[in-house]
Amino acid sequence: MSQFDLKIAIGGAAGQGIASVGNILAWIFARRGLHVLAYNAYQSIIRGGHTYLTIRTSDDPVTTHGDTVDILICLNQDTIDRHLVNLRAGSFVIFDEDKIKPGDVPDGVQVCGLPVKDLAKNPTNKRLSNTIATGAALYLAGFDIDPLVDSLEKQFSRKGPEVVAENLGSAQAGFDFAREHFSPLAGEIPDKRPGLPVISGNDALAMGGAAAGVKFYCAYPMSPATGVLHWMARNGPDLGIVVRQVEDEIGVITMAIGAAHAGVRAMCATSGGGFALMTEGIGFAAMTETPIVVINVQRAGPSTGVPTKTEQGDLWQMLGASQGDFPRIIVAPTDIADCFTTIPEIFNVADKLQCPAMVLTDLLISEGTGTVDPGVFKWDQKIDRGELITTSNGSNGDGPYLRYKITDNGISPRAIPGLDGYIHVAASDEQDENSILISDEFTNPLKRQAMVEKRGRKMASAKAMIPAPQLEGSPDAGLTLLGWGSTKGVLREARALLEADGVAANHLQIKWMVPLHDEEIMAILSKSKKVFIIENNYSGQFARYLRSETSFMADGHIRKYDGEPLQPHHVVDGVKELLKGESTLYVPTHEIMV
Amino acid sequence: MAAVTTAERPTITAKDFQGPVDPDWCPGCGDFGVLNSLKKTLAELGKAPHEVITVSGIGCSSNLPGFIHTYGMHTLHGRSIPVATGLQLANHDLTVVVTGGDGDGYGIGVGHLIHAMRRNVNLLYIVMNNEIYGLTTGQTSPTSLIGMQTKSNPEGNLDMPLNPLAMAISGGATWVGRGFSGEPKQLGQLMKAGMEHNGFSLLDVFSPCVTYNKDQTYPFFKERVKKLEDNGHDPSDWRQALEKAFTWSDEEIPIGLFFENRDRPALHETEPVLRKGGPLALRPLGISPKQGQALVDKLM
Ligand SMILES: Cc1ncc(C[n+]2csc(CCOP(=O)(O)OP(=O)(O)O)c2C)c(N)n1
Ligand code: SF4
Ligand SMILES: [Mg+2]
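Line by line, the protein sequences are chains S and C.
Numbered according to our numbering, the first sequence terminates at residue 607, and the numbering increases by one at each position without gaps.
Numbered according to our numbering, the second sequence terminates at residue 306, and the numbering increases by one at each position without gaps.
Calculated directly from the structure, the hints in this document are not laboratory data.
Since the model is a prediction, treat every value here as computed from it, not as a measurement.
It is possible that part of the hints are untrue.
Distance windows between CB atoms, simulated [to be verified]:
#1 S/250 - C/235: 38 to 46 angstroms
#2 C/284 - S/459: 40 to 48 angstroms
#3 S/206 - C/117: 47 to 55 angstroms
#4 S/393 - C/32: 42 to 50 angstroms
#5 C/233 - S/57: 54 to 62 angstroms
#6 S/391 - C/283: 52 to 60 angstroms
#7 C/284 - S/57: 41 to 49 angstroms
#8 C/161 - S/442: 52 to 60 angstroms
#9 C/284 - S/604: 27 to 35 angstroms
Distance condition first, Cα-Cα at most 20 angstroms in a straight line; then the derived EDC-like pairs of lysine to aspartate or glutamate [said to hold, decoys possible]:
#10 S/112 - S/80
#11 C/198 - C/256
#12 S/134 - S/120
#13 C/304 - S/386
#14 C/53 - S/72
#15 C/296 - S/533
#16 S/167 - C/202
#17 S/139 - S/166
#18 S/542 - S/485
#19 C/296 - S/433
#20 C/282 - S/251
#21 C/304 - S/485
#22 S/391 - C/303
#23 C/157 - C/202
#24 C/296 - S/131
#25 S/460 - S/443
#26 S/114 - S/80
#27 S/589 - S/466
#28 C/233 - C/269
#29 S/167 - S/179
#30 C/304 - S/251
#31 C/21 - S/163
#32 C/304 - S/446
#33 S/418 - S/393
#34 C/53 - C/202
#35 C/220 - C/202
#36 S/205 - C/303
The beta carbon of each residue, even a glycine, is placed where N, CA and C say it ideally should be.
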């Protein structure tokens, strides 16, 4: 496990500047080459409420925001009232002692009340209390002040030298106050390494789209997917990506399908409610065999649900999206970096198979922000458009062009409209090879059967296009932690914690949901004495899916559905409880009230 | 797409647009007239079939793309407009004609229609308005008149009919016309003008459903329609246009070009990425490593 592992939490009301404190700290850590992961617990309000940002930094990659807090920065009374109880001995709580009263302090917690009135360099600038707290936190974490100076200069230079000076002075005052009264946390700060890029999952999805050659992006705003739209809107014009905000999600998906049919790579993103509106469009893409990539960033549902909270509750919605029976691709990226990598991968599969492809992610990683290895950002991606015809010499050369030609692998060469010699209609109604609607003649059951089978055959080649999941840890551990999508990081850490406690386990994370590498998965699971499935939903959507595909029944389940993500100790406690053999279901209770 | 100059083009006739199957519409259906006029107009404009894409929703009228030899997309019920918008933005060299019915465009799809008009997407939208749901065997449509008895309103329709022309004029459409399939000559002229117009053109067409609408029949319209061009209507005047859009009586139901605004650019002319560089669909994919690196640098 890592040598250096620091967790800072900042709490306050929306609008109090939590994000900027968080950004400054994340930037300082990332610029030193430390790995960072930030998770923000918040509500769907613009001002007020309670926002709680956790930043974890380490010399090893950070895969989860973790269990504990070393430094708690309280920007209001509410934060200290809610979170002080969760602090452990040795940790610090920082607050403005003129305004906030700590109440009962747990044993061993070090109370750093800042006399903000005395320390602030300009009494009328309310935000200076944040800067003072940041200075104090940095000292207590064991850092020197230089990177904070750089960061504040960068942030405030546009506002003029006076604002810069009062921020620098206040940061120094906070730093010095902490130095005079406390000694910093134990733990050596690692040597400086090359800086790391910091990115959110939503931005990574959007950038992955740019790398994949997306030329048309459209969306209707919906948390927690809106970040993708914002990135695209900011960067699209420079990158040659047309970005449109559309009137609703039905319009979004059908517009994207129109663009894709014309020959561009088109993408759209939404959350579960918007995806529900898109479902008829998914079937339309399937029937017209139009490759399209749709991202669903899950929030806690059903209905409008909890807009700013996370869940893995939409798997069956994706599996069952749209009427009828047709091939589709579903992938669940496993971390922020994977959000980038997945998009070019899935576009190639969608183009080759000419079918709808869906990315199923969630608030945890889409709004989570962290450092990624810069090597992840590959711009010379292999773009494989499959059997796409984009030029013409006036004829198909080979008799009349059949858009839906029946082939052994089910894939029919796809010509873009505008080419001489390839005229065809792509229809929502069932159609024959030559795109004539079956119901325009008589509903020929044999033709219908042939077309269903042609589309269905495409899936036979799908598995070979994507990698099978890989087991982490020893195959002989006897216990497998099985998860899917965004829970990879927390399960990885939970496994390490379990091993430290003498509980041997390995870990299998599933990314590609459809097609599912059923045989490879079963080969791994059959070596385990016990398999526990861990997921962020109530009914065990993945457990049920795996059972439907393989008949496999897991020995135990850990399920969390309170809106907050799993923390490592939830999994550790759950595994220990399940190992007692007294029950097959463990539901953790979230301790942090956010 | 090799550019073909007009000189080397073989002469194009309506026959070149003859579809692979004959329409399965009821004999006498108004939609035949619309299809014929459309084929003639495309030929008159010298369009080659592969330069045109016909996009529709679902309904009797929406079956049209199957009956004409052009590229086509026969989409979901009510969704022809966003599909066509995506197509047009991805390849603005295509001539985009959208065809459909009153249920498709003014009922289930009206939310998209109003926004497409606002956006001034360059396409011609032909609505075969028969004031009924034909394909589903005769239910009330958004343009059914009050009191009309249908299978879904045996006691008579209670809802005020939607006024598509007034909606379009006030909604931002830059070209608004109405034709009648019983007036093929004028219908062809309107289609031609609508197609030549740069921006969103709505062409509402009285296209009688001889099977399910016993009220708005050919004789009903024949007796009442009056051509705007015969009465000195000025289509550049939106007030006059609106007044005409609200004119509906036994003496006069106006047909012709109601409104036209030639000043507004079409969406693909204002969209920053499309302003120059040719059709999106023909541009190379991906971004350069230099552009990519600049994006990563912003994250440091
Ligand atoms: C989502 C959806 N709802 C309902 C239908 C059934 N449906 C097919 S066509 C139609 C009405 C068509 O009316 P209109 O657009 O006026 O076309 P017409 O047949 O009169 O030409 C309906 C309700 C459908 N295909 N899809
Ligand atoms: S039902 Fe009506 S609209 Fe449909 S084809 Fe017959 S006449 Fe035409
Ligand atoms: Mg109708």
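Now the hints, each set against the structure:
Between residue 250 of chain S and residue 235 of chain C the Cβ separation comes to about 43 angstroms, which falls inside the hinted range of 38 to 46 angstroms. As the Cβ distance of residue 284 of chain C to residue 459 of chain S is approximately 44 angstroms, the hint placing it in 40 to 48 angstroms holds. At roughly 53 angstroms, the beta-carbon separation of residue 206 of chain S and residue 117 of chain C lies within the given 47 to 55 angstroms, and the hint holds. The beta-carbon spacing between residue 393 of chain S and residue 32 of chain C, approximately 58 angstroms, falls outside the hinted interval of 42 to 50 angstroms.
Look at residue 233 of chain C against residue 57 of chain S: about 55 angstroms separates their beta carbons, and that is inside 54 to 62 angstroms. Under the hint 52 to 60 angstroms, the C-beta atoms of residue 391 of chain S and residue 283 of chain C, about 25 angstroms apart, miss the expected range. One distance hint, 41 to 49 angstroms for the beta-carbon pair residue 284 of chain C and residue 57 of chain S, holds here, with the actual separation near 43 angstroms. The supplied range of 52 to 60 angstroms is broken by residue 161 of chain C and residue 442 of chain S, whose beta-carbon atoms lie about 33 angstroms from each other.
One distance hint, 27 to 35 angstroms for the beta-carbon pair residue 284 of chain C and residue 604 of chain S, is violated here, with the actual separation near 58 angstroms. Among the hinted pairs, residue 112 of chain S with residue 80 of chain S is inconsistent with the structure: their alpha-carbon atoms are about 28 angstroms apart, more than 20 angstroms. With a C-alpha separation of about 29 angstroms, the suggested pair residue 198 of chain C and residue 256 of chain C falls outside the 20 angstroms cut-off, and the hint is violated. Of the pairs offered as hints, the one joining residue 134 of chain S and residue 120 of chain S is violated, with about 33 angstroms between alpha carbons and a cut-off of 20 angstroms exceeded.
Between residue 304 of chain C and residue 386 of chain S the CA atoms are separated by roughly 15 angstroms; this keeps the pair inside 20 angstroms, and the hint holds. Restraint check for residue 53 of chain C and residue 72 of chain S: not satisfied, since their Cα atoms lie roughly 65 angstroms apart, outside the 20 angstroms limit. With a C-alpha separation of about 40 angstroms, the suggested pairing of residue 296 of chain C with residue 533 of chain S is violated against the 20 angstroms cut-off. Between residue 167 of chain S and residue 202 of chain C the alpha-carbon distance is near 54 angstroms, which puts this suggested pair outside the 20 angstroms criterion.
Straight-line distance between C-alpha atoms of residue 139 of chain S and residue 166 of chain S comes to about 18 angstroms, which keeps the hinted pair within the 20 angstroms bound. About 16 angstroms separates the Cα atoms of residue 542 of chain S and residue 485 of chain S, which keeps this hinted pair within 20 angstroms; it holds. For the proposed pair residue 296 of chain C and residue 433 of chain S, the alpha carbon gap of about 36 angstroms is over 20 angstroms, so the pair is violated. The suggested pairing of residue 282 of chain C with residue 251 of chain S holds, with an alpha-carbon distance near 13 angstroms, which does not exceed 20 angstroms.
The suggested pairing of residue 304 of chain C with residue 485 of chain S is violated, with an alpha-carbon distance near 33 angstroms, which exceeds 20 angstroms. Between residue 391 of chain S and residue 303 of chain C, the direct Cα distance comes to roughly 13 angstroms. Compliance with the 20 angstroms bound is thereby established for this hinted pair. Taken as a hint, the residue 157 of chain C and residue 202 of chain C pair is broken in the structure, with Cα atoms around 40 angstroms apart against an allowance of 20 angstroms. Our distance criterion of 20 angstroms between C-alpha atoms is broken by residue 296 of chain C and residue 131 of chain S, whose separation comes to about 49 angstroms.
Distance hint between residue 460 of chain S and residue 443 of chain S is fulfilled; the C-alpha atoms sit about 9 angstroms from each other, no more than 20 angstroms. With a CA separation close to 25 angstroms, the supplied pair residue 114 of chain S and residue 80 of chain S exceeds the 20 angstroms bound. Straight-line distance between C-alpha atoms of residue 589 of chain S and residue 466 of chain S comes to about 47 angstroms, which puts the hinted pair past the 20 angstroms bound. Of the supplied pair hints, the one linking residue 233 of chain C and residue 269 of chain C is violated, its CA atoms being roughly 25 angstroms apart against a limit of 20 angstroms.
A threshold of 20 angstroms between alpha carbons decides the hint, and for residue 167 of chain S with residue 179 of chain S the separation of about 14 angstroms falls inside it, so the pair holds. For the hint pairing residue 304 of chain C with residue 251 of chain S, the CA-to-CA distance comes to about 14 angstroms; that is within 20 angstroms, so the pair holds. Proposed proximity of residue 21 of chain C and residue 163 of chain S is contradicted: the alpha carbons are some 74 angstroms apart, above 20 angstroms. For a cut-off of 20 angstroms, the pair hint linking residue 304 of chain C to residue 446 of chain S is broken: about 49 angstroms separates their Cα positions.
In summary, the hint linking residue 418 of chain S to residue 393 of chain S is not supported, as the alpha carbons are separated by about 33 angstroms, beyond the 20 angstroms threshold. Restraint check: the Cα-Cα separation between residue 53 of chain C and residue 202 of chain C comes to about 12 angstroms, which is no more than 20 angstroms; the hinted pair holds. Proximity of residue 220 of chain C to residue 202 of chain C is assessed by CA-CA distance (about 35 angstroms); at most 20 angstroms being required, the pair is judged violated. Only pairs whose Cα atoms come within 20 angstroms are accepted, and residue 205 of chain S paired with residue 303 of chain C is accepted, the gap being roughly 19 angstroms.
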